[in-house]
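First to last, the sequence lines map onto chains F and B. One point on numbering: in our numbering, the residue at position 257 of the first sequence is 257, and numbering is uninterrupted. One point on numbering: in our numbering, the residue at position 438 of the second sequence is 438, and numbering is uninterrupted.
Quick caveat, the hints were computed from the structure, so don't treat them as lab data. Positions of the beta carbon are idealized from the N, C-alpha and C atoms, including for glycine. Do not rely on the hints blindly, as some may be mistaken.
Said to hold, decoys possible - Derived coverage of chain B by chain F (criterion: at least 3 residues anywhere in the stretch with Cβ under 8 Å from a Cβ of chain F; other residues may be distant):
| no. | stretch |
| --- | --- |
| 1 | 110-119 |
| 2 | 211-222 |
| 3 | 251-257 |
| 4 | 305-319 |
| 5 | 396-402 |
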Amino acid sequence: MTEHTEDVSGKPPSLWARILDSDITYSFLRTPSAIIAAAITLLAVGAALLAPWIAPFNPFDPSQISLWDGKLPPAWAEGGQPQYLLGTDNQGRDMLSTILYGGRLSIIVGIAAVCLGMVLGVTLGVISGYFGGMVDAVIMRFADVQLTIPGILLAILINGIGRAALPLEFREEFAIYVVIVAIGLTDWPQFARVTRGATLVEVNKEYVQAARVIDLPGWLIMTRHILPNVMRPVLVLATIGLALAIIAEATLSFLGQGIPPTTPSLGTLIRVGNEFLFSGLWWITFFPAIALVVLVFAVNLLGDWMRDALNPKLR
Amino acid sequence: MKFAKYLGASVAALALMASAASAQNVLRWTSQGDALTLDPHSQNEGPTNAMNGMIYESLVSRDADLALQPELAESWESSADGWTFKLRKGVKFHDGADFTAEDVVFSFARANEESSDFKEQATNVASVEVIDDHTVKLRTDGPNPILPNQMTSIYMVDKGWAEANNVVKPQDFAAKDETYAVRNANGTGPFKLVSRAPDELTVLDRNPDWWGEGQFPGNIDRIEYRPIANAATRVAALLSGEVDFVLDPPLQDLKRIEGAAGLKVTTVAQIRSIFFGLDQGVDELRTSDVKGKNPFKDVRVREAFNLAVDKEAIKRVVMEGLSFPTGIITPPGVLGNTPDNDTPYGFDVEKAKSLLADAGYPNGFSIQLDCPNNRYNNDEKICQAAVAMLAKIGVKVNLDAIPKAQHFPKIQNRTSDFYMLGWGVPTLDSHYVFQYLLEGEGSWNATGYSNPRVNEITQVIATETDLAKRTAMIDEAWDIVKAEMPYVPIHHQVIAWAMSENLEAPIGADDALRPRFAVMK
């Protein structure tokens, strides 16, 4: 494509070499904001995934909580205790551990919701672009109608229906899946529209025509030939969508509609801490809020850079 | 200068409007949960009774010091077979109808209906005899020494109005009945209902034709009640002057409110105890992993639950010191509470564990705790604390904290295994607690607990006039309950009210706002 050197030895370059030699890596190494964002994202994701091993306590295990340790300020403040670095919440849970576990939930929900939205949106988008006509019209009108409704309202609606449909005793257990489905179902039209646009371009190219001439079945053309060529914009959208999904989860939980306080996500923590702001227990809401801001900001920066790096028009 | 003339006119008009507005004393207040219904006989719940008590009236009422006061009855006297009440003359319902003895007969009949939540009090009256238009005799099955005490929350309803609007029977709340009386009201009280949007806004206007006009210090012209579920939002509303009065400010914010200019906090020990109920009545718990038997049938399990809850930690950390840990489900001030039975069960994790092991549950079991999240001081937080405490003896508790409108039917329909409840005692007598919470058929007794002797005492003390004998029986019943532990008592609440310094409202140990005594400066 561009100016990188050709391997003259004749051997096909290894995967690692190809990655190192790619445009993306080239752009990445020359964008400091992307490096920082990637570092923070990796750190956050790593810390979240490793939470059970690196967190000093398990805040989801009620037998480890002592009420007498409740409402302690951060370790450096007056009255703080060294084993609770960022203080404790009103139930006596270590804030640092709770944030690590909560961040994990937020990231898992975000990724799962984006994956759901992506699978749904890309499938419908490719089908829409490939077949055109009535199929296209119906799917796209659905997407258009849904896009006119603000995402968070729709998520609250789907979430509310999901919770109401569940018997009481399962509500808490399945709350996380309900939230994932609610956000995922809110996300899909963006993916569908982008994929459809890209598919429309690809459908008319010679390789697709050729595949049609040799009478390959439609699903094979869509999955083998079109899909790999429409994934670039989808990946960009997915990265930005991840940040939005994390925010959507936090919003739902902040409104008391999402993850329950027994196993809090970042949004739930901010909501619970909010009740204690007036009484001066600022750390219960402040640290989860900072964690959320940093996480979302980093993912967003990464998405921004990816959009620039993958957009041929900007190069 | 036409323009100047218009300007002058509109300024004058504005000034007029402003003076009209300031002449009106509007009391804007909030609390976490709305009255469940305006039907005065449907739900015997504190905030519901308090709200209905502004619109409706009973024969006898209590002032803020909980002393008995004449309300729709001017005087009463007892005889061997009942009590004679002289009714107040010239009292009119808000729709203009006269209040007469017929309405008393009707109201007691209504409070005795199957769907009424006041049966336990109303059944004390065997029949109502009309002597003349303004005299009634409430007949009892034998002497009843405390009948006036039992009349304070049985509100009087107009017979004609109820018949015209098809609300002769109370709303069946647990069955989600919706009747005319749920959102409309026609009482004799100091305030008239102007508009009612449940969980949003209820507006009451001063009743200029009220019989007590001029006899009470209150100068409130209009009451606007707007429930706010979120505690921090309630405080913010008070701090910003959006409301004048918060019935239930979060305890951790009291210091901040007291420190704010123009605001004050008053506290009083409340006639209300908070406790957990354990359902020992069913053969298999609905939400437990123990199948084929009910662990709560074993008194050792119930004792283990009592020992596992650290009441002192709840007081210090959750309640900010504003509670009295206890071992009984009724507070001091109620006949039957003694310093002896008020002493909490100890806190002893090791003993609790060994009791569970003895009972056959060395590794504990799982269960769901049903908890309201907008009723009592820090209700959900107490439940969260209990989850952690019970985890330490191996009991895995799944907490379901929901609004009281969904929580209470679970108790009344007896479909909860393990639940939080709070109980106030308007009669200031243990009989009320026995009737509702300990007697086998008590309408709020979802524990399935039924002890023949306690049931018998509940019957006998209703008519026992020998005070010493009566008190001895009450003590005996509490001793039995204390040993058999159908409940896990936590504490008696302390009420804290936060209000603007411009407002003088006497705080009552029953947590009811009495606007007829409220003065705005």
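Status of the hints after comparison with the structure:
Only residues whose beta carbon comes within less than 8 Å of a beta carbon in chain F count, and the stretch 110-119 of chain B has 0; fewer than three means the coverage is violated. A stretch counts as covered by a chain when three or more of its residues have a beta carbon under 8 Å from one of that chain; for the stretch 211-222 of chain B and chain F the count is 0, and the coverage is violated. Restraint check on the stretch 251-257 of chain B versus chain F: 4 residues with Cβ-Cβ distances below 8 Å, three needed, restraint holds. Under the rule that three or more residues need a Cβ within less than 8 Å of chain F, the assignment of the stretch 305-319 of chain B holds, with 6 such residues.
Chain F is given as covering the stretch 396-402 of chain B, and this holds because 4 residues of the stretch bring a CB closer than 8 Å to a CB of that chain, at least three being needed.
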